[in-house]
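Student: Spelled out from the first residue to the last, the chains are:
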Amino acid sequence: MEPSGNEFLRGTLKTIVLKLLTERGRMYGYEITQSVKERTQGEVILTFGALYPVLHKLQQEGLLITESVEVDGRLRKYYTLTPSGNEMAHQKVSDFERFVEVMKALLQPVPALSLGH
Amino acid sequence: MEKLNPQQVEILYRHLVWNGTDEALFEELLDHLACEVEHYMWIGLPFETALEKVQLEANAKAVKHLRKTYQIELTMNEEQLRKADLDDIVFQFRNKAYGAYDLRQEYRNSLRTALLMTVGMVLMMMALLTTVSTGKWTYLSVWGLVWTVGLLSFSYAVGTCIRQRIQQRYRIVR
Chain B
1 MEPSGNEFLR
11 GTLKTIVLKL
21 LTERGRMYGY
31 EITQSVKERT
41 QGEVILTFGA
51 LYPVLHKLQQ
61 EGLLITESVE
71 VDGRLRKYYT
81 LTPSGNEMAH
91 QKVSDFERFV
101 EVMKALLQPV
111 PALSLGH
Chain V
1 MEKLNPQQVE
11 ILYRHLVWNG
21 TDEALFEELL
31 DHLACEVEHY
41 MWIGLPFETA
51 LEKVQLEANA
61 KAVKHLRKTY
71 QIELTMNEEQ
81 LRKADLDDIV
91 FQFRNKAYGA
101 YDLRQEYRNS
111 LRTALLMTVG
121 MVLMMMALLT
131 TVSTGKWTYL
141 SVWGLVWTVG
151 LLSFSYAVGT
161 CIRQRIQQRY
171 RIVR
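Each protein sequence line maps, in turn, to chains B and V. The numbering of the first sequence is UniProt numbering, which starts it at 1 and goes up by one. The numbering of the second sequence is UniProt numbering, which starts it at 1 and goes up by one.
One-sided and incomplete, this derived list gives chain V residues near chain B with beta-carbon spacing under 8 Å: (1) Leu25; (2) Asp31; (3) Ala34; (4) Leu66; (5) Thr69.
I should point out that these hints are in silico values taken from the structure, not numbers from a laboratory. Built from N, CA and C at the ideal position, the CB exists for glycine as well.
Please model the entire structure based on the sequences and the hints provided.
Tutor: Structure, rendered in structure tokens:
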């Protein structure tokens, strides 16, 4: 995606992460980046620099819980939604859908107004 | 899927240390980079090329950017900031386990204990010297009272000191 796309992405990162977790249950950081990449056919690439601060923030807010599991001799941190996280995910997704609708309306060409002459 | 061996993970580990990765993100980032290398190897690159590619992506600038974003995102909110004392603010995102944080937190207690111990010792010494020079001793006199007060404050200070030591040891073991 173009650099300006990144700007739009920043505000929606939380929504994306929460939404993915509602679908997949338990995920680790790299898995989230891969999943986003696959589903958008490489249009959206989450960098680790953007992802991990958001994950830790969500955890701090009590929306996610983590568990560390040893995989291939490395510690892998899995994230799961808490009940309030689940609620927040639905809230955020519906908010975002509304936002997209509003934006669409805003971007549509306005039909000519002065027809009554 | 290709798996990295411990030596190969070690290379990534050193790369992250070299670039000054935040402690709170270290394990996760290591796994992330290892997964990336494994992914590149899986699509057919040799280990060296895959490693180079990943190291280029996770260069010092990217890691620094991550640390910055992290600190902005996870800084204390208004309420936490209101409750926090100066030590908490100074030591946010710094290594608390190193010891300076504990020293600062304990400072008031240590000062009080030391003061009580000194005052107690001086009072006891005064009472003792007076008793020796006059050659009389009874608890029911001014110097007897001075001795008792000195002894009490000294033993209280020693007791506090020992209790703090035990607590500190317990905390480190935990």
